[in-house]
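Asker: This is what each chain is made of:
There are 4 protein chains.
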Amino acid sequence: MQEMKKKDLAALTPPMGWNSWDCFGNAVNEGQLLANARYMKEYLLPFGWEYVVCDIQWSEPHAGEKEPYYDPFAPLLLDEYGRQLPAPERFPSAKEGQGFRPLAERIHEMGLKFGIHIMRGVPRLAVHRQLPVKGTDTTYDEIAHPSSICRWNSDMYGIDYTKEGAQAYYDSIFELYAAWGVDYVKVDDICNTNAYPEDPYSAEREIEMIRKAIDGCGRTMVLSLSPGPAVIGKAWHLRENANLWRVTDDFWDDWKLLLAMFERCEVWERQVSPGCWPDCDMLPVGRLRLNYVKWAERLGGPVETWTKFTEDEQVTMMSLWCIFRSPLMVGAHLPDNDEFTLRLLTNPEILRMHRFGTDAHQVLRTPESCAWMSRDAENGAVYLALFNLSDERAAVSAELEDLGLSGSRHVRDLWERRTLADVIGRIAAELPAHGAAVFALS
Amino acid sequence: MQEMKKKDLAALTPPMGWNSWDCFGNAVNEGQLLANARYMKEYLLPFGWEYVVCDIQWSEPHAGEKEPYYDPFAPLLLDEYGRQLPAPERFPSAKEGQGFRPLAERIHEMGLKFGIHIMRGVPRLAVHRQLPVKGTDTTYDEIAHPSSICRWNSDMYGIDYTKEGAQAYYDSIFELYAAWGVDYVKVDDICNTNAYPEDPYSAEREIEMIRKAIDGCGRTMVLSLSPGPAVIGKAWHLRENANLWRVTDDFWDDWKLLLAMFERCEVWERQVSPGCWPDCDMLPVGRLRLNYVKWAERLGGPVETWTKFTEDEQVTMMSLWCIFRSPLMVGAHLPDNDEFTLRLLTNPEILRMHRFGTDAHQVLRTPESCAWMSRDAENGAVYLALFNLSDERAAVSAELEDLGLSGSRHVRDLWERRTLADVIGRIAAELPAHGAAVFALS
Amino acid sequence: MQEMKKKDLAALTPPMGWNSWDCFGNAVNEGQLLANARYMKEYLLPFGWEYVVCDIQWSEPHAGEKEPYYDPFAPLLLDEYGRQLPAPERFPSAKEGQGFRPLAERIHEMGLKFGIHIMRGVPRLAVHRQLPVKGTDTTYDEIAHPSSICRWNSDMYGIDYTKEGAQAYYDSIFELYAAWGVDYVKVDDICNTNAYPEDPYSAEREIEMIRKAIDGCGRTMVLSLSPGPAVIGKAWHLRENANLWRVTDDFWDDWKLLLAMFERCEVWERQVSPGCWPDCDMLPVGRLRLNYVKWAERLGGPVETWTKFTEDEQVTMMSLWCIFRSPLMVGAHLPDNDEFTLRLLTNPEILRMHRFGTDAHQVLRTPESCAWMSRDAENGAVYLALFNLSDERAAVSAELEDLGLSGSRHVRDLWERRTLADVIGRIAAELPAHGAAVFALS
Amino acid sequence: MQEMKKKDLAALTPPMGWNSWDCFGNAVNEGQLLANARYMKEYLLPFGWEYVVCDIQWSEPHAGEKEPYYDPFAPLLLDEYGRQLPAPERFPSAKEGQGFRPLAERIHEMGLKFGIHIMRGVPRLAVHRQLPVKGTDTTYDEIAHPSSICRWNSDMYGIDYTKEGAQAYYDSIFELYAAWGVDYVKVDDICNTNAYPEDPYSAEREIEMIRKAIDGCGRTMVLSLSPGPAVIGKAWHLRENANLWRVTDDFWDDWKLLLAMFERCEVWERQVSPGCWPDCDMLPVGRLRLNYVKWAERLGGPVETWTKFTEDEQVTMMSLWCIFRSPLMVGAHLPDNDEFTLRLLTNPEILRMHRFGTDAHQVLRTPESCAWMSRDAENGAVYLALFNLSDERAAVSAELEDLGLSGSRHVRDLWERRTLADVIGRIAAELPAHGAAVFALS
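Sequences listed follow chains W, P, X and E, in order.
Residue numbers in the first sequence follow numbering that gives the first Met the number 0, run continuously in steps of one, and reach 441 at the last position.
Residue numbers in the second sequence follow numbering that gives the first Met the number 0, run continuously in steps of one, and reach 441 at the last position.
Residue numbers in the third sequence follow numbering that gives the first Met the number 0, run continuously in steps of one, and reach 441 at the last position.
Residue numbers in the fourth sequence follow numbering that gives the first Met the number 0, run continuously in steps of one, and reach 441 at the last position.
The shape of chain W in the complex, shown without the other chains (with noise of 0.2 Å):
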């Protein structure tokens, strides 16, 4: 067997759970995340989903309650050395400064992992009450970098990793996260790393000050890079640094992005393998925005909380998800979930191709349609997933040699889990509007 690099260890194969973002914005409490937990436990966890992940701003005691959005200069909890402590407000208990070690240790109690979202930078709030580095003579005025702030939320500053100091307060993060039993992070305003070409200063510094302090922290953790689209020209350095970076900006229930996102894996296909997983985003199926309701109006009329994607096109991504390999990351209030969610979610041929294909690529595109096919690295089954792309009902076929395949074969149908009978020559598929079929030749 080949011998791998410690950071891949962290993730074998792409990670699969739940955040709370789709359906809770930057404002989700302790009682949500476990009620997800809860529902992961019972209906997910057997067929391989285990990560509970808090999304942005648990540090901002206000989240939500003026806007859907983030306030400016929010007064964010901090620590005496400037380390954002999650809310009590929100997550009581984490109080008398105990931080998220106890909800950690409920969810670790369920047989689940634990995750949280951190924005690259230090507090502005630290920077101008010049508060200590933990373990240094550095204030964070002398690490923050004026300059390089994130365009759509204000809690940071970015770190200027020439100086004295910039290491050490990623060090104190990951030890305070390591203690609290953290085993994943996902860092936002990170990943893009050329959205603005003009700035003198790249996020990959601290991309690699963030890889070296969890290489130091002494936990396993998983390191997730946002938002995207990540550059590919850059995929070595997120190949060497990180194990799930994001391909797009974010993802919602929106047929045009998921369109969008064929493209993007067609860019992708070569750069995924065990410890490197390129990121589609959460999937936006059964309930989502259940905190935007509240502020409906002012939004301009009811929020749809119900994924508006089609039956057909939740099949269409996660068929293109599971072959391609991305994270698999839910973004419904699971508890909400109809039988056909569940049905999605835990199809055991689908999520076995995405546990074990290989060689994931493209094999034919047209603007109407697409095929994909992978290898099973286990029993060597061929997988092929077939997608109509257009807006009416088509058939997508595939010629057998174009796979590299010759004589006849067996053929199975993941999706409605039967056999068929046998193909020579090509393999085809009657498939609705926006719909998938993916097969399994022997």
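These are calculated hints, taken from the structure and not from any lab test.
Note that the Cβ used here is the ideal one computed from N, Cα and C, for glycine as well.
Warning: the hint list may mix true and false statements.
Distance condition first, Cα-Cα at most 27 Å in a straight line; then the derived DSS-like pairs of lysine-lysine [unchecked claim]:
no., chain 1, residue 1, chain 2, residue 2
1, W, Lys65, P, Lys162
2, E, Lys162, E, Lys211
3, W, Lys4, W, Lys255
4, E, Lys211, X, Lys65
5, P, Lys133, W, Lys65
6, X, Lys65, P, Lys255
7, P, Lys133, P, Lys162
Computed far set for chain P versus chain W, every beta-carbon distance over 10 Å [to be verified]:
no., residue
8, Ala26
9, Pro71
10, Arg123
11, Asp140
12, Ala420
13, Ile423
Following the hints, position chains P, X and E against chain W.
Answerer: For chains P, X and E alone, kept in the frame of chain W given last:
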């Protein structure tokens, strides 16, 4: 006579004066300002020079102590309404909250006018201290735009003009400047409105707020915008709102920059009119960079404090600025002027062209030479400037017909201050490398 | 009086006329040209309209036969020196090598002037046939630039101006046009000099060669450059060499395009002066697109031949073109004009503003409204045009003070042709959606 | 064993050979090709070198006569179907329309393979002569795209793939090449598909037509695309259609270009697999630029015909090309090789790494150093290449742990061809400026 807009009356001819930046950077003090004012009164005022302008960071007590550049997150001196006050450590007359009023008075007593520099936006300090905006119920964090920042100085946040209290801030500072007796304001980080095209935020709205604040402050003030290059496509907006706008990035004593100015002037030639002065930036002549001397070693060797322009290049610069009608702001430490520098700045015939020239435009341009002409609005004389842009001595000439002139003409050499033989058909001059000649044809 | 350059004397006021493009595309014929000339003589000439311009591809015998667009590699009619001749199939009077001379004579006899369109460069046919350039030992393949081509028409190669014989080609064609009696030349594929910024080749050198050829051809000709958008940073070069230059891409009867023109005019307002006319393109009024009728089905349905502009929009267009002082070239098939169209083109007070207005500039601009003013160079009246750019009826007003006016003023409505009550302080108009009003204040 | 696509079978390992460009430019002749073939047979064939490739403009009789560059509108030799034929003036065996068949036969007799260069598209000559496309009723002017041209060579027009007869053209030329016995085709002006992003035309469609023509021509041919840089976002399309694609613009004997190649390889490392070979371009070693000698003076002084790379730089280049698995095409005039050059090209251990290495990837990159590793697919050895990119002698090292290796390892130096002491923990080498070492660890 044509009626004019009130804004334009503040600068019917291009302003002439002195600015502290080129010799003192961000660290000028009261004594230095007064020394230059006294020289101006004695030697330059009779020729029309009148503005004494204090450049950036007069509210920073420690400016220039550690570095010749800006400290990140510097401790600016603010009043209770978050308005910057001159630091008494550097401007003793500003003690007890008197601001620049005593200094302005002394300068006015000399028959001169007083100018200051400000940055667009509100102090970051005032934002993170949540200070109130004068005359409102608003605090600074409510009007600051968290991602509208200057890339080279960390003092300020831009203003979100959609917020209640935004205009009130600008009103409050111009009320203060009017009370001090300020005659000229150079606003920085505001002129090149498309420097960062991806930025959703536009400085155009801040320009308009400043215009409105000046119009309402009860005192006539010249409004100068920096840094450049201003965008020619926005000339209309600049003409409506400002008196001066920089057409280049910072200009220094380097032939390449001077050569590039010919292209800038070509682009902006049609935008010059009373009250509207595209600005070629300061004249880096005489003694410069005095505040860099103590960091000489750190900057990699001895600092040359005398201008690096040759005398011929200075003549070329002065000829271009004056025929184009750029504002004239001397960068030199005036008391150190030598005889050449003083003569350069006080040639009455060149300065008459600067004051009365009209319809200046380029009439010839090759890689090696250039010619400009204008017409004296009072006596009808035609001004012709010939430039040798090559690195060797060369003759430069122009056909009278190309200037729209016929017959023979009397010729006077303005730099030599003598009358030459009449010309027919063509006028020519033998010029040193990088040199110029200016003629009046009548 | 100010002396002027010879080039500028060819167009002391903005040219007014008719161009064949909007109704006949690339396939106009002699009968159509003459029909429009006769109408112009009878109805428009008294109001200053005088140019009849034959647009693109008059040397292509089969223009418009197969398609309403250009055939690739069309068989242009050339003389023995590779110069294009009008195809007698379409222009019978051009038989026996007489070119446009007979047609020009007939148009001159009506008291009108005659214009033609040409493409920058040399015919590809002449290059691949290795024809000689008149008066030289050079063949066309020696002066053609093999990669300087038009992207939308395959007739020509650009010229490599460094080659012997390059200027001779332009001299040879303008010698021919002078002999024919041409008064106006619209040169195409030449105006937007940075359309393809990666291109090492620049059309600026061709503009200069054409200028030189016209100056030497012995006949006064207006030089008009297309297509736009011209580049504002190159205004100096255009002013030195041309009389008209297009500030937009092709303009048609579409409100979005008309709305965009306000921004174009804003950018170019300072570049308007005798001999120098930024060009807003043809007026798509009345009967248009006649040559597209036979391809109607192919183009996806019936072709609307009448202008799609409302009457209010046409008033807005005419008001903007006239106060800005754009050249005026009617696109309509003139014999089909209705009463409104004729009245639109023959309002003597609006056309006086077009002829005598000076220093036109925008004085107000919001997303919904706009105001321009200019001053009558002869009688000193102030012209004020108010525009309602919104989609609903609305009042638009301007403060006299913002126009630099004081006291009370007499007001005349130029479109209504009646005198209104005097105004003090502010002038306002209630305007229909997309409508305009023009006033003279005295 | 994994099944493969037919296209990939043409190049299961990266092709090795010689190309005429670096020493003979566009003017190689039959004698020179054969001289290099004979050397290859005798000295290089035993090491795997086998392709002899004739580069650009073999149909131009006068290539290289007037200039070392391309004549505009050159008189290419065409057959009656507009297909280019080798000019007998330069390739005597091509007389009487035999084309390259006789030459290919002689090369095949030596046990070698024969390659040719072509430009994308159809000859402009065939278009303007309106020649017929073989096997169709179409003439060339009907399929040529009039504005799809190469910027640096005027021989061809691109093809409008939507036109009847477009595919027939490519079929007709590959039918001819198959009949000649061509084994390798380098297609030019086609690889960097977004070189001119404004261009509505895309070379992607031509790549697909060429792929289809090769698949149908009845002979196995390697398809190589030039020039680069290929666009990494289009890797999928290149992998589907081509065997080789250039990842750089032309590469020459200049350290700056070699240094830049490390970045190219970093970007493309995941795209290397059997049948798919990102191409670092020719190896400019030994005797080069022979055809430039006669224009020496015109080019500004004597031409250096020996490679300007130091021996250390050549080792670095060869190490990078071989561990990355670039195609290897020698640029030298082979008969002039010295002993060093021959040894450089015939190190059996380095060439084994080139042939059997797999999963090559960069493991370390600083501004001064670089390390790559791969794994021998047959014997499992780990290859490690260390590079000193600095301008001074320096030690470069790598941690075994960072390579995913543990314990101690046997080490062999492949360039020195000797076994070193075993290593534990770290492997290091003292390297000259711009030098490299390659180790096998087992």
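Asker: Indicate, hint by hint, whether the structure satisfies it.
Answerer: These are the hints, each one checked on the structure:
1. Among the hinted pairs, W:Lys65 with P:Lys162 is consistent with the structure: their alpha-carbon atoms are about 16 Å apart, no more than 27 Å.
2. Among the hinted pairs, E:Lys162 with E:Lys211 is consistent with the structure: their alpha-carbon atoms are about 16 Å apart, no more than 27 Å.
3. Between W:Lys4 and W:Lys255 the CA atoms are separated by roughly 37 Å; this puts the pair beyond 27 Å, and the hint is violated.
4. Restraint check: the Cα-Cα separation between E:Lys211 and X:Lys65 comes to about 32 Å, which exceeds 27 Å; the hinted pair is violated.
5. Taking the CA atoms of P:Lys133 and W:Lys65, the gap is near 25 Å; set against the 27 Å cutoff, the hint holds.
6. At most 27 Å may separate the alpha-carbon atoms for a hinted pair to count; X:Lys65 and P:Lys255 exceed this at roughly 56 Å.
7. Simply put, P:Lys133 and P:Lys162 have alpha-carbon atoms about 15 Å apart, close enough for the 27 Å limit, and the pair holds.
8. Remark: the non-interface label on P:Ala26 is consistent with the geometry, its nearest Cβ contact in chain W lying 19 Å away (cut-off 10 Å).
9. Once the 10 Å rule is applied to beta carbons, P:Pro71 is inconsistent with being away from chain W; the minimum gap is 4 Å.
10. Consistency note on P:Arg123: stated as away from chain W, yet its beta-carbon is not over 10 Å from all of that chain's, at 7 Å minimum.
11. For P:Asp140, the non-interface assignment is contradicted: its Cβ lies about 5 Å from the closest Cβ of chain W, within the 10 Å cut-off.
12. At roughly 55 Å, the least C-beta separation between P:Ala420 and chain W is larger than 10 Å, which holds for a residue marked as non-interface.
13. Even its closest Cβ contact with chain W, about 54 Å, leaves P:Ile423 beyond 10 Å, as expected for a residue assigned away from the interface.
When held up to the earlier numbered hints, the structure conflicts with 3, 4, 6, 9, 10, 11 and fits the remainder.
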